[in-house]
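Next come the chains, spelled out residue by residue.
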Amino acid sequence: MDWFQKIITISDSKRGFLLITNHIKDQLLEVSNFKIGMLHLFIKHTSASLTINENADPTVRQDLETHFNQSVPEDANYYKHTFEGSDDMPAHIKSTTIGNSLIIPITKGSLNLGTWQGIYLCEHRNHPHTRNIVATINGIKF
Amino acid sequence: MDWFQKIITISDSKRGFLLITNHIKDQLLEVSNFKIGMLHLFIKHTSASLTINENADPTVRQDLETHFNQSVPEDANYYKHTFEGSDDMPAHIKSTTIGNSLIIPITKGSLNLGTWQGIYLCEHRNHPHTRNIVATINGIKF
Amino acid sequence: MDWFQKIITISDSKRGFLLITNHIKDQLLEVSNFKIGMLHLFIKHTSASLTINENADPTVRQDLETHFNQSVPEDANYYKHTFEGSDDMPAHIKSTTIGNSLIIPITKGSLNLGTWQGIYLCEHRNHPHTRNIVATINGIKF
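Protein chains in written order, with my numbering: chain A, 0 to 141; chain B, 0 to 141; chain C, 0 to 141.
Misleading hints may appear alongside valid ones.
You can't tell identical chains apart in this list, so a pair holds if it fits in one copy or across any two.
Keeping only pairs whose Cα atoms sit at most 25 angstroms apart, straight-line, the calculated BS3-like set for lysine-lysine is [claimed, not checked]: (1) K43 with K79; (2) K107 with K5; (3) K13 with K43; (4) K107 with K140; (5) K34 with K79.
Hint data in this document are derived by calculation from the structure and do not stem from the laboratory.
Put together the whole structure using the sequences plus the hints.
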């Protein structure tokens with residue numbers, strides 16, 4: 000049984016839904032040591048989020064961005080939290096709707112994702128940010 | 000301390016919110032060996048999701064289906080990802096909104112669900128699918 | 000390696016998004032014993048939820064309440080589950096949208112939250128309720 004933890008940094012994340020599966024895998028070569036386990040990814044911010052969705056067609060990511068912009072409007076007349084700009088309160092709402100953490104099972108040394116599943120960073124602010132993700136692995140090694 | 004992992008298959012899942020608590024429990028008799036632990040359920044698909052909600056009145060499940068059909072429309076004029084049919088892009092959006100995994104605490108050999116809580120498979124495609132769920136248990140045995 | 004589990008009770012939770020970070024920390028002094036680990040919080044109800052969002056400006060919490068009231072209307076003409084009142088079916092929908100559990104990494108004896116992150120209880124019913132949260136810690140001690 001073993002634990003492993005590190006911070007993974009995404010520099011200059013741009014607004015939108017960004018496929019980060021390969022970046023996460025490259026930063027977590029330790030996954031290959033685990034026979035069974037779980038990887039927990041936790042983004043330490045309140046205006047970005049993490050999700051899992053289709054890893055193939057980039058229009059899925061564009062449509063997700065458009066959908067959440069439609070369903071969480073900027074400058075709604077009932078917002079009180081407005082002093083950080085039009086994109087700020089929508090970013091908080093999207094973060095709570097989508098969620099700030101993921102758990103992915105580890106099986107025989109690999110992330111046990113479905114064929115079409117990829118890991119997304121969802122950046123909800125206009126200006127690029129540096130985003131920190133705490134990665135925690137827990138499992139039994141080979 | 001111990002780990003257990005298996006794939007649970009739901010055959011022919013039909014569109015809608017489906018109560019699968021008993022199916023999950025029947026497939027995971029190993030839960031009864033754990034004094035304290037966590038069960039992680041992870042659906043390996045991007046157009047279905049998992050949630051926990053009321054286990055009694057079936058109209059809760061019907062209303063959830065209707066609500067998400069209202070709030071995530073088919074054939075929105077801004078969708079670009081349309082070649083797999085009208086139900087495809089909404090399925091991806093619902094999957095990201097609802098989420099693809101659950102963690103349920105284990106206490107004294109049982110899932111520590113509230114009285115009214117049941118596990119739902121949310122099938123967002125029109126055609127029945129076979130859905131695979133990775134179940135991972137981690138805890139201390141009696 | 001060690002496990003710890005207890006029930007944390009929130010008495011008289013009032014409708015809205017309530018910051019409970021300090022209450023959770025005060026009830027979980029055991030976190031300080033863990034070098035690396037995870038805290039799982041699981042609310043045992045289907046009309047309340049848990050999320051992480053900004054811990055500073057209270058208008059973020061007010062705007063979240065207003066947004067979800069706009070996007071999940073009361074008395075929608077398609078609701079069938081109506082016998083427990085106008086706030087009941089919207090509460091179930093919000094619970095599935097926001098989610099009923101959180102996982103927070105533990106690092107060097109503390110919850111590894113970002114500077115601006117706080118833990119929220121989201122109470123979706125009008126009448127105050129007593130809400131039970133199962134807290135499960137798993138990790139390696141110092």
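Against the structure, the hints come out as follows:
no., hint, in the structure
1, K43 with K79, "within (24 angstroms within a copy, 31 angstroms between copies)"
2, K107 with K5, "both (21 angstroms within a copy, 12 angstroms between copies)"
3, K13 with K43, "within (17 angstroms within a copy, 27 angstroms between copies)"
4, K107 with K140, "both (9 angstroms within a copy, 23 angstroms between copies)"
5, K34 with K79, "neither (49 angstroms within a copy, 40 angstroms between copies)"
When the structure is compared with the earlier hints, a violation turns up for hint 5 alone.
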